[in-house]
Amino acid sequence: MILAQVVLNGFLVGAVYALFSSGLTLIWGMMNVVNFAHGDFVMIAMYVAFVAFTMLHLGPAIFVPLAAIMLFLLGVLVYYALVRHVMRGPMLAQILGTFGLALVLRYATLWVFSANFVSLPENLLGEVQTFAGLRLEPSRVAAGLAALGLTIGLHLLLTHTALGSRLLAVAEDRSAAMLVGIRPDPMQALAWGLGAACTGVAGALIALFFYITPTVGESLALIAFVVVCLGGFGSVPGALVAGLAIGIIESLSAFWIGPAFKDLVVFILFLAVLWFRPQGLLGKA
Amino acid sequence: MSAATIPTAPRAAGRWVLGVAALAALLAWPLLVEDEFIQRIGALVMLSALSASAWNLVGGYAGQISIGHVLFFGCGAYASLLGFTWFEWAPILGAPFGIATSLLLALIVGSPTLRLKGHYFSMATIALAELARIVVVNTPALGGAVGVSGPAMPRSVLDLSFISPLPYYYIFGSVLAVLLLFTWWMSRGRMGFYLRAIRGQERAARSLGVPAQRYKLFALLVSAAFTSLTGSLYAAMLGFVDPDSGLGILLSVKMVIAAALGGAGTLFGPLVGSAILVPLEEMTNAAFGGGGTGITYVVYGAIIVLISRFAPGGLAEIWTWLRARGTRRGG
Amino acid sequence: MSIARRHLLALPALLSASPLLAQGAPVKVGTLLPLTGVAASAGGSAKAAIELAVELINTPQPDLASMPLMATSGFPGLGGRPLQVVIADQQGSPSVAQNQALRLITQERVVAITNGYQSGLVQTASAIAERHGIPYVTGEAVATNLTERGFRWFFRTTPIGPDIAAIYVEFLQSARVNGRPVTKVAIVNENTEYGTSIAEVIRRTAEARGIGIALQIPYAANSADVSAQVLQLKDAQPDVAIFISYTSDAILYARTMRAQGYRPPILIGDNSGFSDDNFVQTAGDIAQGIINRSAFDPSRPGSNSFKVNALYKARTGREMDDTTARIMQGFLVTCDAINRAGATEPAAIQKALRETNLDAGQLMIGYRGVKFDEKGQNSMASVLLVQLRGREYISVWPEATATAPLQLPYKGWE
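Protein chains in written order, with full-length UniProt numbering: chain F, 1 to 285; chain V, 1 to 331; chain B, 1 to 414.
Here chain F stands alone, though its shape is the one from the complex:
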C-alpha cells in the first residue's frame, strides 16, 4: 500500500517536473536558446499568483490565466529587449545574458517582497481526497492534468497548425524561413511568449502547494534542464515522458535507498542515457 502511494506521489511530482519544463522545452528545444532564467520565470509566476490571491482576492480560476498572460508579456519583452540581440552572438552570449537576467529578476523580487517565505492556503482547490486507500492532493492532481494538457496542446500546435509549421520553420532555418516569406522575429517572439506563458501556468499551479520565496526557482531549475535534455531537445512529448520518469525514479530511490541519494540515481541514469543515446529519449538523431 505504502509502495503504491510512493509511486503515485512520484507520478504526481513527475507531472510537476513536466509542467515546470514545458515552457523550457519550447524555448530551448525549438530555438536552441538556453534560458538560465527559467526558474526565475516560474518564481515570478508564483508571485503573480500570490499577489493576485492575497491583495486582489482572485481565485485560481483567474490567477492561473493571469499568470499566463503576464508571463507571455514578460517573454515577449525579454525576447525583443535581450534575446534577439544575444542570438547574434555565440551560445555563450545566451548563457551570459540569461544568467544576468536571472539575477536581476530574482533580486528585484527580493527587493520588493523581501526574502520572507510566503504561501497560498493549501486547500484552495479542496481537501485531500482518499481513493482506495491512496491519498490525493487536488492541487497536485490539477498540476498533473495541466502538464498533460499543456504537452498535448503544444504538441498539436507544433504539428497540426500553420502557426506551428512556421515556428518550426524558423527554428529549423531562419534564413530559409525568410525566403518563403516568414518574418522570423515575430515568430520567435511568439515562441518566447508561449514558452513563458506555459511557465506562467506552471508557476501559478505550483504556488498552490509549494512555498514562495525569491530563490525558489533555483532549487527547481536544474531538474527542469535535466528533464528537457533527457526527453530530447525539441521534443515536447519527450519532456513529459522524462518528467514522469524522473519523478517516479526519484520517489522510489528516495524510499528505498534514501532521499539523500535520489539525485545521484537520477544523474547516473541521465548520463547513462546520454552516453548510449546521445539525442535523448525521444529526440531526433
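Calculated directly from the structure, the hints in this document are not laboratory data. There could be a bad hint or two in this list.
As the list claims (entries may be wrong) - Derived list of chain F stretches under chain V, where covered just means 3 residues or more per stretch with a C-beta under 8 Å from a C-beta of chain V: (1) 170–179; (2) 241–249; (3) 263–269.
To be verified - Which chain F residues stay away from chain V? Per the calculated CB distances, all over 12 Å, these: (4) L58; (5) Y107; (6) G164; (7) A221.
Stated by the list, open to error - Okay, the calculated bits of chain B under chain V, using three or more residues with CB under 8 Å as the criterion: (8) 41–52; (9) 88–94; (10) 190–202.
Ideal Cβ positions, reconstructed from N, Cα and C, are used throughout, including at glycine.
Fit chains V and B to the supplied structure of chain F, relying on the hints for placement.
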C-alpha cells in the same frame, strides 16, 4: 616588399611597448595601493582568471561548453585540504594529487562525454559535477557536508597562509602567466588550428582528417589540470572547502561567465572578464550588500545583461571593432 | 513588502538620530549576515534585530535597565560614544565571508566582528579576524570544531551540539507515549553541516543513555518533494520523529505530512527551520503541538525576552525567533565587552570578553549566563523546549521554568 613592412613595423613595436607597459602595471599596482581589501580583490581576479583561462581551452578554443568544470576545481581544493586532514601536509602539497585525480576523471568521463553535441555536452558536464557533489556530501571520509579545513594556524611558509593578500596575488599571477604562455603557444600551433576547426565545423574538420576526438580530449586534460591547480590554490588561501563552495554549480557558471564576458577563445578574454566581474561583484556587495535589499545582484546582473546585449561576443568583440575602425581610419 | 521598506526608512533615521543622544565619534562593530542566497530570510530577520540592538544601546531604555548598556545612551565606558554597526552580506559563500571580514577590518576599521550565520562561513571569516587580531563573536553558529581551533580572538555565546542533544534526550527519557516509555526514535535531517552535525550528536547522546535511534533519514536540503521521507516514517511508525531542517523544507514537511495524513505521537522540529517565523506564519496552523528547542522564551510578560520581542514585533510585525534572538544576544555581549574594555583597542576588548560574567537577569535570552571558557565557548549557555500553540511557541520543558504544561500527542492540523 619594403613598402609593406613600413606601416607594420611601428605597429608591432607599439604592441610590444603596450604589452610591456601592461605587464609592468599588472606587477606594480598592488604595491602602490595600500588597501588590503583592494589587494585581495586583485588576488581574486587572478584566481578567477586562472580558472576561466583553463576553462577557455575547452570552452573557448575547442568550443565545447562545459558547465561542469567545478568538478576539477573541487578535485584540487579537496586534495589540498584532505592532504592536510589526513597527513598534516601543507595544503599545496596536495595539488599534484588533485591534478592526478582530475586527469584520471577527465580520461574516464572525457571520451563518452566529448562525443555529445552542443547542449547535450553542457548538460552532461553539469550532471557529472553534481554527481561528484552528491557523492562528497554523502561520504564522511571526504568531509561530508561539513567540509574540510586547512591548518587553523600557519605552521610554515609552505602553508601559504599569509596575512597580506599580496603573496597570493603574485603566486596566482605567475601560474596564470604560465597558463597564458601555454595557451598562446598552443593557439599558434597545429593544435590551436585543429581546435578552431572543430569549434567551427566539427563534421567538416573530421572529414578533412582532423582527429577531433583526440584533440578535444587533449584540450580537456590540460584544462582539467590547470582548473585543479586553481582549486588547490584557492583552498590554500581560504583554508576551507565544503561541497557547495568547492563543487557547486555556481562556480562552473562563473568560469563560463568570466570567459564569455571578456571573449571566449581569445587569449586575454578570461582575464579581462575576471578583471571586470570580480571587482564588480565585490564592490556592489561592499556598497549595497549591508542594506539587505538584494540590490547588489540587481546591479551586478543588469551589467552582465547589458554587456551580453551590446557585445554578445564578449568585450573582445568591442576591441576587434575598435581596432578595425582604427585601421580603416589609419589606412 | 512593507517590512523591507520599513527597514530602508528606519536605517537612515536611526543613524542620524543617534549622535544627538550620544556623543563622540561612533564605535564601529561589524556584523556578517546572509542577506542574499538561500538563507536570506534568516539574514533579514537578524538584520532587523541587530538594528534594534543598536537603537536600544544608543538611546536610554529604562524599561530594560537590568541589561547592560540599556539604561544609558551609547557606551558610558567610552565617554558616551555611540555605537554604529556595519552590516555586511556574506552571500552564503565562505570566500565572500572572508572578503567581507577583511573589508570590515581594513576599510571600515571595526573594533570587533560578530555573527556570520553558517558555521563554514564563520570558520573562514574568523580566520581572517584571528590573523588581524580582531575579536570575533558568533551568537549562532553551532559547529563544535569552531571553538576547537585554538583561536585566541574567537568567542561563542550560543549553546552547541552537546547542550542541544542533552535536553532532547532528557526529555525523551521522561516522555511517555500511550503510557509507556519512548523506544523508537526516528531522525530526519537535511544533509548539510547543520543537519548532519546535530543529528550525529543527538544519536550519540541518545545511544549513550540507552535510547536507540531506529531510523535516520538524511535528505538533500531545498528539495522539490519530501513525500518519500514522510511515507518512510508512516511505514516505520516511530514514537518520536525529530526533524532537522531549514525553513523551506520545514514548510514542505508540514504540508506533506498533512497531505499524507501522518502524525507521530511526538514531533520534534529542531530550531532553524521550525523556529523561523516564516514557518510559523505559513505552516504553523497545520503543525500544532510541534516541539522545538529554543533558548528564547518570550512568553512570560515582564521578562527581558518578552520586552525585546515586543519591540521587535513593533518594528517588523513579526515574532522574534530563537536564531534571531541568539544572534542579537551575541551582538549585545560584544557591545557589553567593548564598553567594559573602556577602549577600542582589540586587545582590551579581547580581555573584556574573557572577563565577561553576565547572569541570567542581564540577558535577553534564557541562558543561565554568559561566561567564556578558555576555548571561547560560553559555558553557561542552555536550552529549553518550547511547543507551538496557535502561532506562538510556549516554553513547556523543563517543568521548573515552563510557562504552560506540555500537551501530547502531536495535534498537527486538528
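Against the structure, the hints come out as follows:
1. For a cut-off of 8 Å, the count of residues in the region 170–179 of chain F with a CB near a CB of chain V stands at 0, and the three-residue condition is violated.
2. For the region 241–249 of chain F, the proposed coverage by chain V is not satisfied: 0 residues have a C-beta within less than 8 Å of a C-beta in that chain, short of the threshold of three.
3. Closer than 8 Å: that is the beta-carbon criterion, and the region 263–269 of chain F has 4 residues meeting it against chain V, so the requirement of 3 holds.
4. The claim that F/L58 lies off the interface holds: its Cβ sits roughly 27 Å from the closest Cβ of chain V, which is beyond the 12 Å cut-off.
5. Against chain V, the non-interface label of F/Y107 is violated: not every CB pair exceeds 12 Å, the least being about 3 Å.
6. Its beta-carbon lying about 22 Å from the closest one in chain V, F/G164 satisfies the requirement of being farther than 12 Å from that chain.
7. Listed as a non-interface residue, F/A221 fails to keep its Cβ farther than 12 Å from every Cβ of chain V; the least gap is roughly 10 Å.
8. With 3 residues bearing a CB less than 8 Å from a CB of chain V, the region 41–52 of chain B meets the requirement of three and the coverage assertion stands.
9. Under a criterion of three residues with beta carbons nearer than 8 Å to beta carbons of chain V, the stated coverage of the region 88–94 of chain B is upheld, 6 such residues being counted.
10. Under the rule that three or more residues need a Cβ within less than 8 Å of chain V, the assignment of the region 190–202 of chain B holds, with 6 such residues.
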